[in-house]
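Engineer: Sequence:
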Amino acid sequence: MFQWQQSQERLNRQAGLLQGERLTFHVHYWGVSRHLVANPVHKHSFFEICYVEGGTGIYTEGDREYSLHEGVLFCSRPGVVHQIRDVNELDLLYVAFEPDEKQSDPAELSSYLDALGQGEVWMDNQSSSPVAGLWRSLLVPESYAGALPAGVLPALAHSLLASFPDMFGVASRSNRPPVRTDSSFLVQRTKQYIRDNLAGDLSQQQVARLLNVSERHLSRLFAENIMESYTTTVRNERIRAAEELLIRTGTPIKEIAEQVGFSSVHYFTRSFTQKKGMPPAAYREANWRHADQLPSEPIRFR
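Using the numbering used here, read the sequence shown as starting at -18 and increasing by one per residue.
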């Protein structure tokens, strides 16, 4: 079994703000409760998802009653009056959270909320499901041996919360065609290659050849996975790198343009101004607060 109290304290300490590329979650609290007691009728302004590790009880929403026993996964939605009652040694894992609207992609946020808001409330026979296994992996074993390092908890916790729509809301997910997992990995590999080779040849033809895919397929992967074109991604990554160099170093703007892969300082200035709303020099001046904090050596991008 688990170190119940220590597991709960560790999750609440380490996994509060869960940031991802397209979805960020604010966790109000984690619960790892041994022999949970019954609670009064109440409601939340956020999602609360629970997994029954052992024991029994009844979960109610209005006039509906759902049996609680080992392997049950259930979802309390925002604004829905509910209660847990008639408990008998109920062991419960739960997390109360809401997606962060400001830090999440609007389309992904809408899809996530629709899936959970309109999906199933109660699911049985989940003891061997990936969700249950992932949830247990966040906990501290009773013997302490094999506990995952605290540093990996945020990423794993984010994966857990991001997986809930696939469990509860399969029928109500976006009509967008499912994207294959290997496609997502290929896009991430491509983005990492772009970041590592900003000053090199990042033409779509060259990168597609390196990845052993066609240019058309590469374009489709980016459109389906991150909703932007390959060329837009390259430009955004170059601007992102330039932004960091402008803020954190005293490297001349002409050198920055070369380091991040722009063909000329004029093209760099025009692209940066379009993206950030001001020229590079003005952006640097606006963001420099303490010149003495600049690193002695400029950051270099390969």
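Hint data in this document are derived by calculation from the structure and do not stem from the laboratory. Do not rely on the hints blindly, as some may be mistaken.
[Stated by the list, open to error] No more than 16 Å apart at the CA atoms, straight line, and that leaves these computed lysine to aspartate or glutamate pairs for EDC-like:
no.: 1; residue 1: Lys256; residue 2: Glu205
no.: 2; residue 1: Lys24; residue 2: Asp44
no.: 3; residue 1: Lys256; residue 2: Glu196
no.: 4; residue 1: Lys172; residue 2: Glu123
no.: 5; residue 1: Lys83; residue 2: Glu101
no.: 6; residue 1: Lys24; residue 2: Asp95
no.: 7; residue 1: Lys257; residue 2: Glu224
no.: 8; residue 1: Lys83; residue 2: Asp67
no.: 9; residue 1: Lys257; residue 2: Glu236
no.: 10; residue 1: Lys172; residue 2: Glu236
no.: 11; residue 1: Lys256; residue 2: Glu236
Engineer: Taking the hints in turn, state whether each one holds.
Structural biologist: Status of the hints after comparison with the structure:
no., hint, in the structure
1, Lys256 x Glu205, "violated (23 Å)"
2, Lys24 x Asp44, "holds (15 Å)"
3, Lys256 x Glu196, "violated (26 Å)"
4, Lys172 x Glu123, "violated (41 Å)"
5, Lys83 x Glu101, "violated (27 Å)"
6, Lys24 x Asp95, "violated (19 Å)"
7, Lys257 x Glu224, "holds (9 Å)"
8, Lys83 x Asp67, "violated (40 Å)"
9, Lys257 x Glu236, "violated (19 Å)"
10, Lys172 x Glu236, "violated (23 Å)"
11, Lys256 x Glu236, "violated (19 Å)"
Going down the numbered hints, you'll see the structure goes against 1, 3, 4, 5, 6, 8, 9, 10, 11, while the others check out.
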